[in-house]
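Following the hints, complete the assembly by docking chain X onto the known chain E.
Protein chains: 2
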Amino acid sequence: MTDGHRSTDLAVGIDLGGTSIKAALVSRQQGLIEQTTAQTEADKGPVHVLDTIASLVQSFTGETGDVLGVGIGSPGAINWERTTVTRPPNLPGWEVVNVGDELAKRLDAPLLTLVENDANAAGLGSAHYGAGHGFASFVMVTLGTGVGGAIIHENHIFRGSTGAAGEIGHMSIDYEGPIARSGVAGAIEAYLGQRFLSRQARYMLLNRRDSLIHQMAQPDLMGITPRMLYDAAVSGDTGAREVLDWAGHKLGCVLGSIVNLLDIRKFVVGGGLSGAGDYILDPARRSLQRAVLPALSDGLEIVQETGGNDVGMLGAAHMVFQYVDERR
Amino acid sequence: MTDGHRSTDLAVGIDLGGTSIKAALVSRQQGLIEQTTAQTEADKGPVHVLDTIASLVQSFTGETGDVLGVGIGSPGAINWERTTVTRPPNLPGWEVVNVGDELAKRLDAPLLTLVENDANAAGLGSAHYGAGHGFASFVMVTLGTGVGGAIIHENHIFRGSTGAAGEIGHMSIDYEGPIARSGVAGAIEAYLGQRFLSRQARYMLLNRRDSLIHQMAQPDLMGITPRMLYDAAVSGDTGAREVLDWAGHKLGCVLGSIVNLLDIRKFVVGGGLSGAGDYILDPARRSLQRAVLPALSDGLEIVQETGGNDVGMLGAAHMVFQYVDERR
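Heads up: the protein sequence lines correspond to chains E and X, in order. Under numbering that gives the first Met the number 0, residues 0 to 327 are what the first sequence spells out, in order. Under numbering that gives the first Met the number 0, residues 0 to 327 are what the second sequence spells out, in order.
The set of hints was computed from the structure by calculation and includes no laboratory data. Computed from a prediction, not measured in an experiment: that's the story for all the values here. Cβ coordinates follow ideal geometry from the N, Cα and C atoms, glycine included. Fair warning: there could be bad hints in the mix.
According to the in silico footprint, chain X covers these stretches of chain E (three or more CB under 8 Å from chain X) [what the hints assert, rightly or not]:
#1 155-167
#2 255-264
Sample of chain X residues lacking proximity to chain E, with all beta carbon distances greater than 10 Å (derived) [as the list claims (entries may be wrong)]:
#3 82
#4 109
#5 209
#6 222
#7 235
#8 284
#9 305
#10 308
FRET-style restraints, in silico, Cβ to Cβ [stated by the list, open to error]:
#11 E:303 x X:57: 53 to 61 Å
#12 E:285 x X:303: 34 to 42 Å
#13 E:293 x X:133: 31 to 39 Å
#14 X:78 x E:305: 55 to 63 Å
#15 E:307 x X:105: 52 to 60 Å
#16 E:237 x X:277: 47 to 55 Å
#17 E:178 x X:105: 56 to 64 Å
#18 X:277 x E:303: 16 to 24 Å
#19 X:78 x E:208: 31 to 39 Å
#20 E:327 x X:293: 49 to 57 Å
#21 X:57 x E:305: 52 to 60 Å
#22 E:182 x X:43: 51 to 59 Å
#23 E:271 x X:277: 44 to 52 Å
Next comes chain E alone, as it looks inside the complex (with noise of 0.2 Å):
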């Protein structure tokens, strides 16, 4: 301990992804103290990832002397107790792994292990290090490739009967809409996820020749992404900036059954899409309050998250916080 930061006070947070792994020693009071990146390389199988990991882990409590446990982020479905991650998507191989068995194994003394779905981890680091922090409660959506959420009541993650709640991707806007690769008609993923968003903006584009889109996005408006549309909507482009209205507007539908719901009125987007900021949300903002009871539309906001993907590893080591505040 030289730097001043008493162990009880330190935790490491990892973010699992399917190409790279994000760790971070976070002080509960100064946030992010320290952070490293790591390849996943998922092809390798889930030994090498856990691995890796405890690589990771050990690069900090190395330094530190101890900390108070490792909070980890990961895709795919977590058990209630938030010790096993089952299947997750881009991570072949992976059964039900025992996360905190695993890193026991690897590690010379046990840490305090704590998995979380990784959207649940960026709501909870958003609520305590990022956008989020003035909300006591708000939803999280991120726009990436699927839309994925996490509900925090009252600085705490909202879990459901099993773990698995937030998935806001997967709510409705059209009960005869299209069907998403959930198979859910009508879900938001199905307008709003990266793919669908960029055919959808490559057949509003078709016939607009003087879109900018036709310059960025070649052969043939392929490939269109959240960037380029952001960009071109700078510089004016207004069959862009529809395209963003587009978007924007389903997002408002969607978070407006939120709110009639949950009474929650906050919202934080982040996501890649989240980028377009304004041009994604203002839109979004109108539709909301539309979209609510009247007795329900004082207070709505809608913020982007301005933490970046850093708060999925700052979420995943305030679990840690959490749950050693809470067992005192």
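Chain X alone, transformed into the frame defined by chain E:
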């Protein structure tokens, strides 16, 4: 105390409605001990209604010596502290009424008084004395004049940020659908609310001259009720069955979004239309399966509320038991 109940086991539960006020003496262990009803006479204004509530309370407290308190399920917005009712629909002249203060003025001794939204009170009643009894967490849906609801999470009402959670009737299943009274497009109430369903049934049956409903709803298929649809369905009427099928399908769609968001997989359906039983619940069950993420599809259940309208006053009384327990 003549009948063996300790006063700490008793509370008064009130279900304040637009036409009648139901009141009960409730035992924590035995549930309903005694009940009575008075006309609301809402047009006589809040002073009269509050007088009536006070005399109903006294009719019980006079017998039993004392009770732990009074719980009231009320229409209108309830504040976070559960003390005030704001502008309840169907109760003209009410602005913001502090029900506890008003009762204290009218009773010999002040009594702990808690007020809660009527749908939430019914949900809590179902959780402890009704069809929700076996579920730690479930969502209650009330299909009446409007569509109401409550989220019961770990045997408690989930109240959201301000106490207004559970407005399931205003969740949308189609962002471009018909507009409900709330102004929300495709709100489930715009399909299943009494007037909407009645009109839908009329249009669906106009050209089906063989339907029994033509005899029941005269003249000209006006005023079709859930009861008529149920009676005709039981008699084998395919037209009536198709209407209930249509309604159940819509219900299953909105419940699917709830499961995906909350990971709460149990539903209790009450209110007039729930009397159609499996004629509406079976199609809802089928749609629900298709509307949830496959990972969340285990253990889905939709059951009919068996406690009828009594769950409202039972839940109102139970609020008092929970409140007292949690402050011990």
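**Study point:** Within 8 Å of chain X's CB atoms, at least three CB atoms from the region 155-167 of chain E: coverage verdict
**Key:** holds (count 11)
Review point. Okay, residue 293 (chain E) versus residue 133 (chain X) on CB: inside 31 to 39 Å?
Key: Once the Cβ atoms are compared, 36 Å apart, the range 31 to 39 Å for residue 133 (chain X) and residue 293 (chain E) holds.
Review point. Taking C-beta pairs only, is residue 209 (chain X) more than 10 Å away from all of chain E?
Key: Its Cβ never comes within 10 Å of chain E, the nearest being 28 Å, so this holds.
Check your understanding: So does residue 285 (chain E) sit 34 to 42 Å from residue 303 (chain X), Cβ to Cβ?
Key -> holds, 39 Å
Point to revise | chain E versus residue 222 (chain X) - minimum CB to CB distance exceeding 10 Å, so not interface | key: Per Cβ check, residue 222 (chain X) is outside 10 Å of chain E; nearest 27 Å; holds.
Practice item. Using the Cβ atoms, figure out if residue 277 (chain X) sits within 16 to 24 Å of residue 303 (chain E). Key: violated, 47 Å
Point to revise | Pairwise beta carbon distance, residue 327 (chain E) to residue 293 (chain X), judged against the given window 49 to 57 Å | key: Taking Cβ atoms as reference, residue 327 (chain E) and residue 293 (chain X) lie about 39 Å apart, which means the hint is violated.
Practice item. State, for the Cβ atoms of residue 57 (chain X) and residue 305 (chain E), whether the hinted interval 52 to 60 Å holds or is violated. Key: holds, 58 Å
Practice item. With 31 to 39 Å as the target window, see if residue 78 (chain X) and residue 208 (chain E) comply at their CB atoms. Key: For residue 208 (chain E) against residue 78 (chain X), whose Cβ atoms are near 57 Å apart, the range 31 to 39 Å is violated.
Check your understanding: Between residue 303 (chain E) and residue 57 (chain X), does the C-beta distance stay in 53 to 61 Å?
Key -> holds, 56 Å
Review point. If you check the beta carbons of residue 237 (chain E) and residue 277 (chain X), does the distance land in 47 to 55 Å?
Key: With a Cβ separation near 53 Å, residue 237 (chain E) and residue 277 (chain X) satisfy 47 to 55 Å, so the hint holds.
Review point. Holds or violated: is the Cβ of residue 235 (chain X) farther than 10 Å from all Cβ atoms of chain E?
Key: Non-interface label on residue 235 (chain X) holds, nearest chain E Cβ at 28 Å vs cutoff 10 Å.
Figure legend: structure checked against the earlier numbered hints; hints not met, in rising order: 14, 18, 19 and 20.
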